[in-house]
Amino acid sequence: MRWWLPDAGSTFAGPIDGLFTAILIITGIALVLVEVGLVTFVIRYRGRPGRKAFYTHGSTRAEVIWTAIPAVTMVALGLISNHYWVLIKDKKSVPPNAYRLGVHAKQFEWQVTYPGPDEKLGTSDDFTVRNQLHVIVNQPTAVELTSEDVIHSFFVPEWRLKQDAVPGMQITAWFEATKTGEFELGCAELCGMGHYRMRARVFVHTPDEYKAWVAQQAAGGTE
Amino acid sequence: MTSVAHAQPHAHGGGDAHHAPMSFWRKYIFSTDHKIIGIQFLFVSLFFLLVGGILAMQIRWQLGFPAKPMPGGGLLPETMVSDGHILPEYYVQLVSMHGTFMVFFAIMPLLVGVYANFLIPLKIGAHDMAFPRINMWSFWAALLAGLIMTASFFVPNGPIRSGWTNYVPLAARPDLSGVTVGQMLWCISIVVLGLSSVMGSLNYITTIINHRAPGMTWFRMPLSVWALFITAILGVLALPVLQGAAIMLLFDNVLGTHFFDPAAGGQALLWQHLFWFFGHPEVYILILPAMGMVSDIIANGSRKPIFGYHSMVFAIIGIAFLGWIVWGHHMFMSGMNPTLGSTFMVSTLLIAVPSAVKVFNWMGTMWRGNLRFHVPMMNAIGFVSMFTIGGLSGIYMAATPVDIPLHDTQFIVAHIHYVLFGGSLFALFAAMTYWYPKMFGKMMSERLGKVHFWLTFVFYNMTFFPMHIIGMGGQMRRIYDPTIYNFLKPQQPLNEFISYSAFALFAVQFLFAFNFLWSLKFGKKAPQNPWDDNGLEWSLPNPAPHGNWEKVPNVYRGPYEFSAPEAGDKDYLPQYTKLPTDRDPVPAPVPAGH
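Quick note, the sequences are listed as chains A and B, same order.
In terms of my numbering, the first sequence is residues 1 to 223.
In terms of my numbering, the second sequence is residues 1 to 594.
What the hints contain is simulated information worked out from the structure, not anything from laboratory work.
Certain hints may be false.
Taking beta-carbon pairs under 10 Å as the criterion, some of the chain B residues facing chain A (in silico) [unchecked claim]:
(1) GLY73
(2) THR257
(3) ASP261
(4) LEU494
Here are some chain A residues the structure puts well away from chain B; computed CB gaps all over 12 Å [stated by the list, open to error]:
(5) GLY50
(6) GLY78
(7) HIS83
(8) GLU109
(9) ASP118
(10) LEU121
(11) SER124
(12) PRO140
(13) ASP164
(14) THR178
(15) CYS187
(16) LEU190
(17) LYS211
(18) ALA215
Note that beta-carbon positions come from the ideal geometry of N, C-alpha and C, so glycine has one too.
Please take these sequences and the hints and turn them into a complete structure.
What follows is the structure in structure tokens.
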């Protein structure tokens with residue numbers, strides 16, 4: 001049982017987890033302030049006979065302070081967040097050297113199209129594998145997400161990557177895996193009764209391993 | 001006490017009924033009395049709250065114990081349960097209908113149907129709503145909508161399977177969702193419910209603008225009325241958008257149009273824009289009235305004027321305004337242009353500001369008060385502490401990069417329940433207890449109320465707090481069986497813990513139900529002003545008669561003059577009490593047509 005985000009598996013995890021921690025600290029302080037304040041007031045100002053409450057309608061100074069502090073914090077948080085948001089999701093941020101894969105989602109499976117030995121998508125040596133995503137470690141990878149039928153969502157928790165696949169749209173999502181091993185790809189958008197079992201195995205290979213796997217696939221082998 | 005300086009003209013037909021005895025049917029069923037209509041809404045929406053709760057228990061059974069047959073599962077038909085095991089298609093229907101019932105038929109009518117109806121005329125000093133008959137139709141339309149929605153459980157293929165949000169093309173294509181009649185019933189029910197909401201909202205807006213008692217200026221209105229007023233404006237603008245979208249969805253299902261089906265030239269994201277353009281203001285429809293009523297109750301329980309009344313009003317307006325320009329935050333991962341995501345992130349983060357202002361002002365109200373811990377006050381403090389968690393957890397998802405791993409996981413489920421259960425429902429427990437004597441002339445049991453509050457508070461947190469952790473671990477929403485994922489398996493004990501807590505949380509709600517029903521007959525008779533409050537409603541007997549006042553009282557001050565020096569020995573000073581120094585207000589001009 002983990003009490004935190006899953007182990008980091010891509011370059012996005014660094015900034016996202018950092019930002020998560022920063023928000024945890026900010027909201028943690030706010031939460032403690034409010035809850036401790038409430039408990040203190042409940043104990044300290046509990047009703048006693050013969051006492052009268054302090055008659056006041058408020059304080060402009062207090063209002064200004066507790067409007068300004070959240071406002072400044074939120075704007076700052078927005079600016080910092082936006083920097084990373086653009087880096088992750090903006091079309092122009094996809095590295096030009098990214099290795100391109102096609103991922104086609106349909107009820108209830110993931111069809112991954114690989115560029116084959118010529119490393120170019122859309123040529124005759126492309127091949128498609130159901131429910132297996134093989135990628136190369138430390139290699140920027142861009143998936144061209146499409147959907148056959150309804151909206152699905154491409155989600156690999158370790159990579160901190162989620163992107164809906166929408167019928168009628170082609171959406172590019174990129175990432176750079178930093179850890180080899182086996183992971184899981186799940187669907188994060190309700191796509192019908194089989195939503196829960198729309199699962200693919202994810203393999204992050206060293207370049208050599210990947211080449212061997214591609215060669216094997218090209219030769220008609222399985223896995 | 002009530003000084004009457006002038007004769008208030010009869011507002012409308014409702015006033016005539018003062019003296020005439022009425023048959024049971026006229027009085028309780030086809031009633032045009034805003035208080036009876038409020039009570040009708042109360043019973044109906046409490047019933048749907050129970051329905052939503054029963055659906056939630058089945059969801060929790062499946063998530064906690066996915067391999068085990070559900071107790072009592074044998075009672076359900078083969079299309080839902082097989083050998084006692086919940087089927088995947090039924091599970092998806094459970095989550096879809098839990099959301100639908102809770103949002104549209106429990107929380108929204110409890111807050112708006114019940115308390116806008118019941119409180120607005122009583123708190124502003126009106127004989128009734130501006131349009132009592134439209135008000136009656138608003139209730140009957142809501143009930144009809146609820147019955148249509150319930151009927152979808154009994155049609156072939158059952159109710160919707162696309163979540164309460166009905167994302168398309170899933171919801172638009174029976175061949176992909178497997179739902180036929182159920183989807184049509186959902187759309188029709190929502191259109192009817194929208195009619196009910198629009199009729200209600202227009203009534204609330206008109207009544208507040210035109211029927212305030214002499215002296216009840218805008219800034220002497222209780223915050224509950226302010227919140228209900230702004231909520232009504234949201235309702236009248238938001239619901240028609242959903243109705244339009246639901247009609248398009250209905251056409252896609254029935255007439256073969258393709259508004260939402262990209263395979264035939266439609267747009268999948270169009271639905272999301274329409275739905276959330278309604279849906280986000282809807283979220284504020286579900287929380288603003290709660291904030292308003294909690295403000296009234298916290299001032300009362302603290303025996304102090306509300307801290308920063310004007311900021312509180314502007315915060316309500318600010319939240320409502322920002323609520324219109326944040327819908328895109330539901331769509332950060334949808335494939336919408338990421339640059340739009342940046343815009344929606346900023347507007348969303350800014351909503352934290354008026355929300356924080358409200359929390360600090362509630363605390364400011366309690367500061368140096370002389371707190372009375374009656375049951376409404378306890379639930380109101382529970383509201384503040386839990387809404388704070390729900391508000392703060394929203395920041396994680398507003399910050400777009402952090403939203404990437406959290407979007408569509410149990411983290412958002414935790415967030416929405418901290419706002420709608422920890423927020424709205426605690427406020428409703430407070431409000432139901434607080435205005436119970438005004439509704440029924442009886443007091444609810446204080447002791448049972450306290451036991452219910454503490455047990456609910458504890459089990460509620462045990463149920464929903466761990467969902468944050470589960471969501472951080474990556475558990476997607478609406479999945480039937482988390483244990484088929486290796487990365488989710490280690491979390492299963494926590495899922496079981498959540499389920500046990502949820503069962504306990506559900507069970508203790510029967511304390512409230514018992515207290516509510518038992519007190520109707522056996523409750524202590526309510527004194528006229530049981531909470532020593534300042535509101536106009538307490539100048540009336542409990543329960544108040546049809547038409548409320550013979551002559552509406554004059555209003556001499558704001559609603560929160562607790563512990564005012566001129567109150568003398570008492571620590572409250574009602575709005576209708578005339579002190580020797582007070583001058584009578586100039587009566588409001590009579591609206592045209594009367």
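Hint-by-hint comparison with the structure:
The interface hint given for GLY73/B is broken, as the beta carbon of that residue sits about 18 Å from the closest beta carbon of chain A, more than 10 Å. Using the Cβ-Cβ criterion of 10 Å, the hint placing THR257/B at the interface with chain A is not satisfied: the shortest such distance is roughly 16 Å. Using the Cβ-Cβ criterion of 10 Å, the hint placing ASP261/B at the interface with chain A is satisfied: the shortest such distance is roughly 8 Å. Using the Cβ-Cβ criterion of 10 Å, the hint placing LEU494/B at the interface with chain A is satisfied: the shortest such distance is roughly 7 Å.
With a cut of 12 Å on Cβ distances, GLY50/A falls inside the contact zone with chain B, its closest approach being about 10 Å. Not every Cβ of chain B is farther than 12 Å from the Cβ of GLY78/A; the closest lies at roughly 5 Å, contradicting the non-interface assignment. A Cβ of chain B approaches the Cβ of HIS83/A within 12 Å, the least distance being about 9 Å, so the stated non-interface status is violated. Every CB of chain B lies more than 12 Å from the CB of GLU109/A, the least distance being 14 Å, so the non-interface label holds.
Residue-level check passed: ASP118/A sits 29 Å from the nearest beta carbon of chain B, beyond 12 Å. No beta-carbon of chain B is positioned within 12 Å of the beta-carbon of LEU121/A; the least distance is around 20 Å. At roughly 27 Å, the least C-beta separation between SER124/A and chain B is larger than 12 Å, which holds for a residue marked as non-interface. With a closest Cβ-Cβ approach of about 17 Å to chain B, PRO140/A is found to remain outside the 12 Å limit, as its non-interface label requires.
A Cβ of chain B approaches the Cβ of ASP164/A within 12 Å, the least distance being about 5 Å, so the stated non-interface status is violated. Taking the minimum C-beta to C-beta distance to chain B, about 15 Å, the non-interface status of THR178/A holds against the 12 Å cut. Distance check for CYS187/A against chain B: the nearest CB is about 7 Å away, which does not clear 12 Å, and the non-interface claim fails. The Cβ of LEU190/A sits about 5 Å from the closest Cβ of chain B, inside the 12 Å cut-off, so the non-interface label is violated.
Here LYS211/A stays apart from chain B, with its beta-carbon at least about 27 Å from theirs, past the 12 Å limit. With a least beta-carbon separation of about 28 Å from chain B, ALA215/A lies farther than 12 Å from that chain, consistent with its non-interface assignment.
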